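A.B. asks: Here is how the chains run, residue by residue.
There are 2 protein chains.
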Amino acid sequence: MQRNSISIYVQGIGSVGRNFLSILADEGKLISERTGMDIVLGGATDRTGSVIFSKPVAPADLLKAKLSGNILSLGKEVTSREMTENEGGILVDMSSASRDGSRELQMYLSAMKNGMDIVTANKSPLANHWKQIMDNASAGRRMVLYEATVAGGVPLFSLLGGSCGPSTVNEFRGIVSLTANFVLKQMREGKTFMDAVAEAQKRGIAETNFRDDTDGLDGARKTVILANALFGKNMTLKDIKTSGVSESTDAKGMDRYRLIAEITRSGNEVHAFSGLRNLDDGDYLLSLGEMSLGYEVNTSRNGRLRIHSVSDGPGETAAAVMNDVMLLAKEKFQGKC
Amino acid sequence: MQRNSISIYVQGIGSVGRNFLSILADEGKLISERTGMDIVLGGATDRTGSVIFSKPVAPADLLKAKLSGNILSLGKEVTSREMTENEGGILVDMSSASRDGSRELQMYLSAMKNGMDIVTANKSPLANHWKQIMDNASAGRRMVLYEATVAGGVPLFSLLGGSCGPSTVNEFRGIVSLTANFVLKQMREGKTFMDAVAEAQKRGIAETNFRDDTDGLDGARKTVILANALFGKNMTLKDIKTSGVSESTDAKGMDRYRLIAEITRSGNEVHAFSGLRNLDDGDYLLSLGEMSLGYEVNTSRNGRLRIHSVSDGPGETAAAVMNDVMLLAKEKFQGKC
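Residue numbers (my numbering), protein chains in the order written: chain U, 1 to 337; chain Y, 1 to 337.
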């Protein structure tokens, strides 16, 4: 029997991308059973270029080729534009964010025009070009899923969409970025800013280019996405102040400060805040550990819910990306007559 | 344009049922937009009998008729069997549990045979007849959703199914029943068992017939459903010990005791426990308030997640039932060609 299958085109094979491929390698059978679809690698892009596979490549083989630095040997080298010309496929964007998101914007628009759906872990295009991307998706009846863009592996958009169906979100408060809060905690305990960053890098939390995270740009991007996705706004980064931690932060006495995202609705007004806040004793967000991400959400019908992960990293983020791929695969499977 | 619609047949209009109808009355437009389907009341059953509506009845009108005690005046009175003969409809079971679940079993089997899908908040049929119900659903390609059977309004089955796609559940620990833990807390604070029960009833937590909750039968039913749904078992109530609180419980020194459900997998073995446990300091479950339900789940790919509601009641449970109805409606909408 011919099985149903769907091809995915992987953009970026960094730590999230490698974890994603490991999950596909190890859990391929389970994923097929649960979605009714075989997830097939159709192509990949890394720093060396883009490649389309003439016959399906096993995830483990792509991982192996990545480690030896020659993914281009697995198929036909193509331009980045040709990667977006695969009708019926899913573009899975786990690449590093560009500053203004315009590289990714062009990629998404081209992919959707060519009949592809999008799964992304990349915040910049959504924080900078939300309306254009979503308007295009809506007009072309294409899907854009982005679970992994906010709060790592903690279920968020899929939870509110799939478990809180009859609800409107009235308030969101969360610790959605690890690095800034981890660095602040280390500074409270006596480390200098740069030593704290080095510790975060050692723990695999902070990237080499850590400033986007510590300055609060990362948190601001996530806050924009939250305001747009959960509160129906059309914000961009320009609409929100960015604040974070740096060499000049005096961490003494900041025991209850956290870098949080907070969005509230009152009447027709939506207020979005991203930055350091002095939390009250007993605040749920203070109970989260240094490796935790989590949030509290007040819904109109499903109550006030609190959720966090005990420890978040690229493995959990990759699982969130895979969950989006599976949601799309299930929809496509059900759509078949 | 003819809109797509799906008919639901409501079994039981107690406190969950009334909240369900209120949600449908207030959020009908939102629900239609999100699912692509109008949810239409096709019939209802309460203690006075069953009625099929010859033309759609507004949720607010059914609520009004319920309050004045004459839902039968809204349409044609039918037998309980005729309520299960509505092909393409959804049977929404919010009725009180029968002791052995056999009344509900017969209802579900008949409904599925007649082309209906099932949404249920009723634990007894699933705790007593899981395999027979699920085998029938599978053979007839019918859906049985049961989010509201465990942990009230806290997303659980829909979260693990919709947000943790690539994962296997390796451990589940939760406070999934309010009453027994609330009563135990009141007893710790000096109340007698019966005074504690009275307080729970005053707060709308305990039912008139409270023994199923305090004895631990309710917790045991939920534990069986969890073991079956999340760990692939085919347990029934006979496979699990039931324990709880009663007049003979000495609550002194039980500060860290909670009635919990705990299920663990080690290799091919699955261990299910329902009852009082002395929790360690720092246990997440100890952080839950007296009106909270919640759980901690260890997944193979999506990390260790913790989620709780701040305050759970019939409104949140009804929202969970509605979410299941919406998931079914969405599937039916996507299946249309």
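It should be emphasised that the hints constitute simulated quantities derived from the structure, not laboratory data.
Certain hints may be false.
The list makes no distinction among identical chains, and a pair is therefore deemed to hold if it is satisfied within one copy or across any two copies.
To be verified - Derived DMTMM-like pairs (lysine to aspartate or glutamate); straight-line CA-CA distance at most 25 Å:
#1 K131 <-> E290
#2 K332 <-> D38
#3 K185 <-> E247
#4 K241 <-> E199
#5 K185 <-> D281
#6 K131 <-> D100
#7 K233 <-> E33
#8 K66 <-> D46
#9 K233 <-> D26
#10 K131 <-> E33
#11 K238 <-> D215
#12 K29 <-> D283
Computed from a predicted model, the values in this text were never measured in an experiment.
A.B. asks: If a hint holds in the structure, say so; if it does not, say that too.
C.D. replies: Evaluation of the provided hints:
no., hint, in the structure
1, K131 <-> E290, "neither (34 Å within a copy, 43 Å between copies)"
2, K332 <-> D38, "both (12 Å within a copy, 22 Å between copies)"
3, K185 <-> E247, "within (14 Å within a copy, 48 Å between copies)"
4, K241 <-> E199, "neither (27 Å within a copy, 48 Å between copies)"
5, K185 <-> D281, "both (17 Å within a copy, 23 Å between copies)"
6, K131 <-> D100, "within (14 Å within a copy, 54 Å between copies)"
7, K233 <-> E33, "between (37 Å within a copy, 18 Å between copies)"
8, K66 <-> D46, "within (8 Å within a copy, 63 Å between copies)"
9, K233 <-> D26, "between (39 Å within a copy, 23 Å between copies)"
10, K131 <-> E33, "between (35 Å within a copy, 20 Å between copies)"
11, K238 <-> D215, "within (15 Å within a copy, 58 Å between copies)"
12, K29 <-> D283, "neither (42 Å within a copy, 35 Å between copies)"
Checked against the numbered hints given earlier, the structure breaks hints 1, 4, 12 and satisfies all the rest.
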